[in-house]
Amino acid sequence: MRKRLQLVGVVAMFIAAKFEEIHPPEVADFVYITDSAYTKEDILTMECQMLTTLNFQVVVPTAAHFMDRLQRLNGSDAVQREVALYLIELALLDFRMIRYTPSLLCSAALMLSNELFGRTSWPQLMVQHGRHAEAQLRPCAEELRALLDGAPGHWLQAVRKKYLLPQHQSVAKLAF
8 MRKRLQLVGV VAMFIAAKFE EIHPPEVADF VYITDSAYTK EDILTMECQM
58 LTTLNFQVVV PTAAHFMDRL QRLNGSDAVQ REVALYLIEL ALLDFRMIRY
108 TPSLLCSAAL MLSNELFGRT SWPQLMVQHG RHAEAQLRPC AEELRALLDG
158 APGHWLQAVR KKYLLPQHQS VAKLAF
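Under the numbering used here, the residue at position 160 of the sequence shown is numbered 167, and the numbers go up by one with no gaps.
Simulated from the structure, these hints should not be mistaken for laboratory data.
All of these numbers come straight from a predicted model, not from anything done at the bench.
Beta-carbon label-pair distances, calculated as ranges:
1. 105 / 24: 22 to 30 Å
2. 67 / 143: 15 to 23 Å
3. 48 / 108: 34 to 42 Å
4. 131 / 13: 51 to 59 Å
5. 10 / 62: 22 to 30 Å
6. 163 / 48: 34 to 42 Å
7. 180 / 48: 46 to 54 Å
8. 138 / 48: 45 to 53 Å
9. 145 / 174: 28 to 36 Å
10. 58 / 146: 31 to 39 Å
DSBU-like mimics (lysine-lysine), calculated; alpha carbons at most 35 Å apart, straight line:
11. 10 / 47
12. 25 / 10
13. 25 / 169
14. 168 / 25
15. 180 / 169
16. 168 / 180
17. 47 / 25
We put the CB at the ideal spot given by N, CA and C, even for glycine.
Assemble the whole structure, with the sequences as input and the hints as a guide.
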């Protein structure tokens with residue numbers, strides 16, 4: 008119901024904070040930010056309902072979960088890592104990319120970044136640890152390349168602007 012929409016949002020933040028924060032906010036903090044529209048009991052009851060509805064499955068793997076290990080195995084430097092992350096974030100803007108598993112998307116981004124930097128596309132070590140052969144990655148890598156090429160003219164520019172910043176090695180400026 009519409010009158011409980013804020014409660015659902017607040018409880019979603021409450022649950023997420025428990026996973027992401029070292030010191031998550033207290034229930035009382037969420038009562039305060041709702042201007043006492045909901046009580047502590049309302050929040051805790053909704054938390055139980057939400058977790059039960061989700062069967063306590065609140066975390067799913069994303070490409071970012073695979074990135075640290077695979078980029079280390081790949082021997083990526085800071086710039087190449089940022090390029091791979093840029094490619095993964097560009098994929099978030101295109102609904103068609105959802106058909107790729109997170110591990111395949113991460114592997115394809117790293118393979119494409121290897122190619123962009125003139126390195127061996129997909130060394131045997133990466134096949135072994137990434138569990139994807141180059142042939143499996145090729146269709147996704149080609150789509151990522153199209154997203155990279157089309158990024159300057161895409162109507163959504165937030166990701167590109169983020170990767171133009173120095174803290175992301177300004178990789179959106181690189182010409183490949």
